[in-house]
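Residue numbers (our numbering), protein chains in the order written: chain A, 1 to 194; chain B, 1 to 155.
Treat the hints as calculated values from the structure; they're not laboratory data. As the structure is a prediction and not an experimental result, all values here were calculated from the model.
In silico SDA-like links for lysine to any residue, alpha-carbon gap of 20 Å or less: (1) B/LYS154 x A/ARG81; (2) A/LYS67 x B/SER133; (3) B/LYS126 x B/ASN66; (4) A/LYS136 x B/SER133; (5) A/LYS176 x A/ARG38; (6) B/LYS46 x A/THR34; (7) A/LYS70 x A/GLN127.
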Amino acid sequence: MGKKVPEINSSSMADISFMLLIFFLVATTMDTDTGLFRMLPPYQDPTEQQEDIKVLDKNLFVVLVNKDDKLMVEKKPMHPRDLRKACKEFLMNMNNDNEDKRYPGYTEEDIPGIGKVKVTKAIVSIQNDRGTSYAKFIEIQNEIVAAYNEVKDYYSVKYFKKPFNDLKENQQDIIKKIIPQKISEAEPKNIGGK
Amino acid sequence: MAQFRSKEKKTPPAISTQSLPDIIFMLIFFFMVSTTMRESTLLVKKPHLPKATEFVKLEKKSLVSNIYIAAPTLKYQNLFGTQPVIQLNESIEDVSKIAQFVETEKESMPANDRSQMTVSLKVDSKAKMGIVSDVKQELRKANALKVSYSVVPKQ
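Pulled out of the complex, with its shape left as it was, chain B reads as follows (with noise of 0.2 Å):
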């Protein structure tokens, strides 16, 4: 027979926090799924990057190397002056320095995959082609024909 049941006062049962290390976890693999390492630090301004409609995603991040070109930071600007420059991982760097840097690039892929090697130019639009032309002039003697000119969607 249903009973109803005394009404003593009873403290609510705790909140069981057993499930809850599982769930973080959940969400640091969508994490580590999802993302990828934050590439190295500007010496240059940010590159406000042209806008096109007809762009392609880049796939497969670890056969991607990024150049950027466009004017040095403030804080180097008394060092490199203001106009756009070079920036090659972690310095700004001499477009002659470009081949040694798809070598080292290069190395650090599996030896299969070196051939897929893209090159990203991550150019300012304020950029004059001169640099870019130089730069690509690089890339080719360097064997690394593969770029893709970086571009933020336009809708």
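This is chain A alone, in the form it adopts within the complex (with noise of 0.2 Å):
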């Protein structure tokens, strides 16, 4: 007969896991991050002649924000609560007479699944003076970003009869197609001053 192997005493295990436990929770935070994402056009040396994309004036969504936080839409004044609504209005209409200047043109895309599409040219262009405060630009990206995921949930509901997030990826792939979002930070002006 072997000798008997004497037992290894676990009772300090709970001490040794509870000592893991306390350095997890002491090192590791749970919040998540949250943000608004955006893709900075690529970097163009100034000392280099580039040819300038030439984008129709009826085609863009000017918003001026000044040092003061006031804001310009369109050559217009406008409070930041309206903004929404004129974006989302300049998103929804469009027409290719270039007499008209209020919304812009669209081309003919044919998007398999759908059929022939009428695609938006529009561009919405930001742009902010260096003393305007960050929280107003934040809420005026916001404001836009809003617009267009309400302009999306339109086309889901009407292409797809579901709100936008309840879309497969394939179908969410098509409506960006629809409206693809397109929003430019122009690089900062001294509008107002300092």
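Fit chain to chain and form the complex, with the hints in mind.
As structure tokens, then:
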């Protein structure tokens, strides 16, 4: 008969695991980071002469914010709470009449699964001053993204009878093709001085 | 036949603690999975992030680098003043250091994920756009084009 191996005392196991637990409690955090996503345009060397991309004035939705956080949309002053509605109206309406300066033009595109759809050429351009407060800038960004999301929802309900967030991934891609999110952040100018 | 037990005085059996380690381990695993490592200590005041409704959640924490822009804490105010400054990793730096910062951050990421790198801008809502624009310009030069303006959800 072999000798009996003495049992390893495991009563301190709990203490060891408690120590580990406390380490993880202290060293980690649980907060998730949320934010507004944006792709910056690639850097262009100002010394190199670049051909300017011509964008028709009628396709641009220009939002100016000056150093006093005052808003000017399409050359008219506006209250921030009206921005979402104005932006949505700009994204939903389109015509190819060059005389009409209010709404952007469109291209007809053949999208698989849906057919021929008018895709707006609209570009939202946000221009801010160096003195604009960050809070205002984010508020404007948020309103414009909200306007885009409302338009996306409108098309989603129209074509798939469901809000955008409930769609499958390939359906979401189709909607994104119908209403491409084009937000341009112009390089800062000193509009109102410092 | 059913018999009643004799009512002799018994000490109640000790509660077994054998499963205690298992329970604690379960807790550990929960914390390991659901939390992330604490970020660098702040040399600037905790940024008071702006509120927004149309936010998205940042995924893949390992591909996210943080840039803080806020006023320095009291301890550093005699050194850096009270105006918002830029904190990269563990130190307050000049705008021109951002390219270098992006480079080192990219190096620490797996090679095929480097293009997915996201810079999370944690900017105090009282900061001016001037400094934010400078940072954005530097990020464009460093070819870190994915940015996220960090916000707190608004109900």
